[in-house]
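Chains as they are written, first to last, in my numbering: chain A, 262 to 632; chain B, 262 to 632.
Treat the hints as calculated values from the structure; they're not laboratory data.
Keep in mind it's a predicted model, so treat the numbers as computed, not measured.
Be aware that one or more of the hints could be misleading.
Which copy? The list can't say, so a pair holds if one copy fits it or any two copies do.
Unchecked claim - Keeping only pairs whose Cα atoms sit at most 20 Å apart, straight-line, the calculated DMTMM-like set for lysine to aspartate or glutamate is:
| id | residue 1 | residue 2 |
| --- | --- | --- |
| 1 | LYS364 | ASP481 |
| 2 | LYS467 | GLU609 |
| 3 | LYS467 | ASP425 |
| 4 | LYS312 | ASP356 |
Number of protein chains: 2
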Amino acid sequence: MRQLGPVTLLLCAAAYAQPQQPPPTPNSTLKSPEVNPDKSVTFRIYAPEAKVVQMRGDWMTDPPVQKLTREDNGVWTVTAGPLRPDLYTYFFLVDGVQVLDPKNNLVKTGLSSSSESMVDIPGDESAFHALRPVPHGSLHVEWYMSKATDGMRRLHVYTPPGYDSGSSRYPVLYLLHGGGDTDAGWTEVGRANFILDNLLAEKKAKPMIIVMPDGHPIKDPAQRSRSLEVFSKDLIGDVLPLIEKKYRTAPGRENRALAGLSMGGMQTLEVGLSNLDKFSYLGVFSAGVRDSAEFEKAHGDILSDAKKTNQDLRLFWIAIGKTDFLYKNNQTLLASLDAHNVRHVYRESDGGHVWWNWRIYLSEFAPQLFR
Amino acid sequence: MRQLGPVTLLLCAAAYAQPQQPPPTPNSTLKSPEVNPDKSVTFRIYAPEAKVVQMRGDWMTDPPVQKLTREDNGVWTVTAGPLRPDLYTYFFLVDGVQVLDPKNNLVKTGLSSSSESMVDIPGDESAFHALRPVPHGSLHVEWYMSKATDGMRRLHVYTPPGYDSGSSRYPVLYLLHGGGDTDAGWTEVGRANFILDNLLAEKKAKPMIIVMPDGHPIKDPAQRSRSLEVFSKDLIGDVLPLIEKKYRTAPGRENRALAGLSMGGMQTLEVGLSNLDKFSYLGVFSAGVRDSAEFEKAHGDILSDAKKTNQDLRLFWIAIGKTDFLYKNNQTLLASLDAHNVRHVYRESDGGHVWWNWRIYLSEFAPQLFR
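Just chain A, same shape as in the assembly:
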């Protein structure tokens, strides 16, 4: 290998990307977001013509938006926090138009209009989901033909460190995203892969494969009432066989877990309880739940034969935050399970319907699996 010296001119990368540079403005050198030493964060956006600029961050509760202040050069700015170290999502409202931070390429890809920018505040509290110098598993993106939807679908798969160099078979956690997310959500913003890497580095969890399918099988709004039925068919009839063919999975229900957040928590309840021959661990995070009568009607067999259900389910873990808008809804689920003596573990956390909680839930749920 010949040594390469500096090639200054050639390395002005931007010049290759943007041949016609506009004249410089305060925007040219603007930095946003900027994490300050005290863990506060300064947000900036260049919008000289705007009348009102606000922002919404998922750490805000009341009021739900914060105003930015205009400087003379047309840059609007606000400092939030200090904030507890974590990965947060936010967006600007420029004269009411919801926009991502133009200076930030850390993006959470949402479903249709719910994409947001993200800011990562490093620190002890978020170390469990940070990218750290530990052995890393791989993330895989797979495209497959779904018989359930009669179309191409996508899913994400995490394999643990050592998967590629060995021949072991691994248990599988099927992990479902929320209503505003895609199959990339659990890694892009949920950091499921880094959470597992870190747990495994500290020997706090069993090595496992995590499969993150797409929870939105139906694009046509008129057909949405069939979503759960089609999702269930896709998961059981297409995804499971695909994964068991393509990856070195350990066989049988004792090696399969199903968990999900919000809409994915509802899917976990509905699909999981209807397929206890396939799954023996369920994790229900901040789930949308049917009302008691409807739930008891749909899952009468599970509730009426609690003895069998309690044998089948090695772990039935239900978690929600105290200020989650689905909190009361979840209490009715817990009451139904209690009334029928269906064993479960209830985890109540602070906070609401936010990723902060879902990352913590995963970090607590995963270590209990496949023991």
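Given chain A, put chain B in place with the hints provided.
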């Protein structure tokens, strides 16, 4: 498996993602972009307070931006095209603020401020890079500790259909992105994975692994002059050994190709010509090139021993568009190679410095590899 009936209320996914719904506005049901039957595209953004809304799409040449028209309800709209079927990138300028399309979750993640929205116009001309019902390879995301940068880095890897079910070893194409992109660029917008899936389905290319590293090893602007040197060390000293350990690669220089676009084309030239013991195929797409004197000085050994160079290089493929701002720059490279009798293949296309060309170049370059 129990059958699941419709659960209408629960499936209103948005209700779970956004507990506090704002009152409806024309934005609530807005659709953008909308591909019309004649392959024109209608773009819309709700911005009732804005004075001027423009957009820039990578299909535009002169003028480089297009104005949107305000409707009475505060929605701005414009129809572009009909456009040749392809995957295009665009953004809005709302009173001068560069924003992604708030209604579109198809995002090209750029480096810092260069993220853009994308619109996919299906049709015969873009079928070669479309997601089609053919066997699909897998895309892998790997995190690794780089000795060259002394930090964690990320790369993308494509493995062809059949990789997981067999034990064959595969040749490897190392494929480098441009200055405005990340290691996700060649798949997110370049669709390298689908291009290969489609070529392989038609038996037009040899099955290969494609490795897409991160071309920006240095974040600190003051250190940027060392970028090429550090990139080269990372690629040769970290990435190659990682890939050859983790993936079933065929050994030796005859099973390795290096190619890249724009900044990545420059890196291909510089790193490739300095490491002909590692690579025997080079693909230089729309590259930034040193001036003749500098190039001839840096690669005197390659130029002066054309006989050896021509033996070493099974393919030296150089492509650029007629209206690319680097067109003249590339002609000086071609003149240097001609003057020294260094064998190469020159491909001149229509168009400029755009993904349209880079996808075509990859679809023409890959079939020539490892024959």
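Legend entry - Intra- versus inter-copy proximity for ASP425 and LYS467 (alpha-carbon distance at most 20 Å): within (16 Å within a copy, 23 Å between copies)
Inset, instruction - Please work out whether the CA atoms of LYS467 and GLU609 approach to 20 Å or closer within one copy, between two copies, in both situations, or in neither? - result: The answer is neither: 24 Å in one copy and 54 Å across copies each exceed 20 Å.
Legend entry - Within, between, both or neither: LYS364, ASP481 at alpha-carbon 20 Å: Intra 34 Å, inter 16 Å, cutoff 20 Å: inter-copy only.
Inset, instruction - Can you give me the call for LYS312 and ASP356, within, between, both or neither, at a CA distance of at most 20 Å? - result: both (6 Å within a copy, 11 Å between copies)
Going through the hint list in order, the structure does not satisfy hint 2, though it satisfies all others.
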